[in-house]
Amino acid sequence: MSIWEYANPVKFIRTTDRLLPWFSAGAVICLVVGLVWGFFFTPEDYRQGSTVKIIYLHVPSALMAINAWMMMLVASLIWIVRRHHVSALAARAAAPIGAMMTVIALITGAIWGQPMWGTWWAWDPRLTSFLILFLFYLGYMALWTAIENDDTAADLTSILCLVGSVFALLSRYAVNFWNQGLHQGASLSLDKEENVADVFYHPLLVSIAGFVLLFIALVFLRTQTEIRARRARALLTRERGA
Amino acid sequence: MIALLVRDLRLSVRAGGGFGLGLVFFLIVTVLVPFGVGPETGLLTRIAPGVLWIGALLACLLSLDRIFALDWEDGSLDLLATAPLPMEGVVSVKALAHWITTGLPLVLAAPVLGVLLNLPVGGYLWVVVSLLLGTPALSVIGTFGAALTVGLKRGGLLMSLLVLPLYVPTLIFGAEAARRGAEGLAVQTPLLMLAGISAGAVALLPFASAAVLRINLR
Numbered sequence: 001m002s003i004w005e006y007a008n009p010v011k012f013i014r015t016t017d018r019l020l021p022w023f024s025a026g027a028v029i030c031l032v033v034g035l036v037w038g039f040f041f042t043p044e045d046y047r048q049g050s051t052v053k054i055i056y057l058h059v060p061s062a063l064m065a066i067n068a069w070m071m072m073l074v075a076s077l078i079w080i081v082r083r084h085h086v087s088a089l090a091a092r093a094a095a096p097i098g099a100m101m102t103v104i105a106l107i108t109g110a111i112w113g114q115p116m117w118g119t120w121w122a123w124d125p126r127l128t129s130f131l132i133l134f135l136f137y138l139g140y141m142a143l144w145t146a147i148e149n150d151d152t153a154a155d156l157t158s159i160l161c162l163v164g165s166v167f168a169l170l171s172r173y174a175v176n177f178w179n180q181g182l183h184q185g186a187s188l189s190l191d192k193e194e195n196v197a198d199v200f201y202h203p204l205l206v207s208i209a210g211f212v213l214l215f216i217a218l219v220f221l222r223t224q225t226e227i228r229a230r231r232a233r234a235l236l237t238r239e240r241g242a
Numbered sequence: 001m002i003a004l005l006v007r008d009l010r011l012s013v014r015a016g017g018g019f020g021l022g023l024v025f026f027l028i029v030t031v032l033v034p035f036g037v038g039p040e041t042g043l044l045t046r047i048a049p050g051v052l053w054i055g056a057l058l059a060c061l062l063s064l065d066r067i068f069a070l071d072w073e074d075g076s077l078d079l080l081a082t083a084p085l086p087m088e089g090v091v092s093v094k095a096l097a098h099w100i101t102t103g104l105p106l107v108l109a110a111p112v113l114g115v116l117l118n119l120p121v122g123g124y125l126w127v128v129v130s131l132l133l134g135t136p137a138l139s140v141i142g143t144f145g146a147a148l149t150v151g152l153k154r155g156g157l158l159m160s161l162l163v164l165p166l167y168v169p170t171l172i173f174g175a176e177a178a179r180r181g182a183e184g185l186a187v188q189t190p191l192l193m194l195a196g197i198s199a200g201a202v203a204l205l206p207f208a209s210a211a212v213l214r215i216n217l218r
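Chains A and B supply the protein sequences, listed in that same order.
Quick note, the first sequence lines up with residues 1 to 242 if you use our numbering.
Quick note, the second sequence lines up with residues 1 to 218 if you use our numbering.
So here's chain B without its partners, still in its complex pose (with noise of 0.2 Å):
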């Protein structure tokens, strides 16, 4: 399973620049909102955490095709089916590299970009405990997501639909938690909520995940 790991992480971090897409991504979609929305900082820091968090979301979201796709071409997902490890662990393993290469940098990001958005002083900490909470919901859920749309030309569109819908109680809890966090509310129960989203998404879908897998690869 390490080695698993360690492969994919490799990969991702020489293999096609997919390590600071998503990174980049987030960056362009934080400094694009104030030109949408304008420039007043009273507006801005009031939708700072929202803002962050679809950022975020979006993020996870474009570089979740990555996951399978690759080596569904290569066939080295064949291999890992007749492999001893069980799909449930594979999917499990390649998820984790995903949040270690989109969701982590993304959590570090966000107080950087923070500043771009006039986020209040107080937010900081709670936008990065909401994200680090709720990325590995995003990632486990995307990587059900990419299964089910490994074997289609052109699954990323569809995946998008598939995923986002799934992706909405992460959203809301997460984002909660963030903007209750910036105003100095109580933030409880949100982040519980939130964390036990991650941890139900986290023990439950890998098998959803690996069962759908099967049946792509059959």
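The shape of chain A in the complex, shown without the other chains (with noise of 0.2 Å):
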């Protein structure tokens, strides 16, 4: 019994087909309870007033964003080193996914900046480097849905993603040094977790569990709409070979 059991794709639909009610139960009721708790449950932050509460979705869809990426770079490893087809429709399935985390934080941050900081957008090292963020993710799955050959694009998609990764990291050294450079980004960063009181942080942290069931429900689907994708055009050209 070991995890690469779970590289057989018959054998991850079975298993992720029992568990996928579990988890997406669980993150419907994270996220309600994280919600609503958050959003009608908690007192009014004395500086920020209401808006702070935009927090319990801007958080964790920003955490995702980053976590999603790391997850694809984690898949696109096991893909390139022992060649599981179903690794590498996983990182496939959980490309769109991290760009709408990424798009969601990005609005969240805009609507939550505009009555904080007076303007919907700063340039400022946090703001920038999940823009950059986003841009490799578009250029992620423009290249999937570029290459014709299944294999190949895995291959080229697995590499752009390792490539990817350390430039991402260096973009967002790159950006804080770049900013501090130009102006000092004051107090714009709000979501250090040790400045929230407790009152605001257990609502997060169910909000953020909420989150991360969620994008692995979404992922479990995704792959598995991948993989039978790729069986029913198998099905298809072998119907047409004979």
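If you are wondering where the hints come from, they were derived from the structure by calculation, not from laboratory data.
Incorrect hints may have been included.
Subject to a maximum C-alpha distance of 25 Å in a straight line, what follows is the list of computed DMTMM-like cross-link-like pairs (lysine to aspartate or glutamate) [claimed, not checked]:
1. 153/B - 151/A
2. 153/B - 150/A
3. 153/B - 148/A
Join these two chains into a complex; the hints should help.
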């Protein structure tokens, strides 16, 4: 019994089919509890008023935007080293989810930033590096769709993911450096968890758990779809050949 | 390797006028900027280092799809792949040839174009130095992007989407070094970071490009 057994698509689908309802239900419960608790049963911040409540969407989505890329990196490495097709498909399935998480983080950030800093967008290191991360997601997805052959596409995107990770990390620090030279981004980093009092912290944790479960459930679902789509294509090809 | 380098240089000089095209593009971008932002010399002086860097970067990007596309079409890339020279070597030579035909002329042209943008006197040296340190990274990263998209019919647009985010760190440090130099501030830190990025890219990325090219030739 090893984890590599799940590299078998049939086994993967059977197992995730059994797990999917649990993860989906967990995601729904955690999200509902976390968001309702956060939106309606926490006090308003003495400085920021009710706008602070967007934190329950902003922080978890930002967290998952980065972790989705990490998951894609791990899946790509597994594909390069052990060539399990499920792994490559999981990386492919995770990319649009990660991109959406990045968009949610950017949009909620803008909505939060407008009343707080008086601007929708600032060229702050954090904001800028997220925008660049979004561009990386776009490039990754575009490369997947541009290449006909599935295995070639998996190989190329895996290497792009590896190289992209290095450069994404590099950009993160480069952007930090770049902005400090121009103007100090004063008080722009509000999402430090140490700053958040317990009343906000507990619903935030529940909400983060909800986002993690949601991500896992969506990756399972989309990977299954990818496997089935590939199987359907294989069947069609065989039929045409016969 | 040297034979390959000489061949690539000859090809780019003689065939299709790709050699001067990057320079002309650089010139046009620089000329367009004052139309876009207005001709006040103070403003131009302030943005000159950044504009020169972006112009050089775009000119570099423009010539990337020539690195492998022609060799891919006439099959000489397959010959190169079966030649005794390792793929990493081929890729490095191709990147070097691209740098000599595109990067180096851009570096040399930058001071001339700096006059058009009213670059301060102290800035010329640092614009040249930062471009000299940064353009090798642009060429090597671009070679990776070109290798990724070599088999695709209309890969040019996709390649810019893939390559431009990878250019971000180089651009930041390069433009920062040039800007600080123009303002007479200390340039050591960004220049060192820029040199580090270039050295790292030159050392590591040919392996990724070679792997990608092998997959594409499979």
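Would you pick out the hints that fail for this structure and give their numbers low to high?
-> The structure conflicts with no hint, since it agrees with every one listed earlier.
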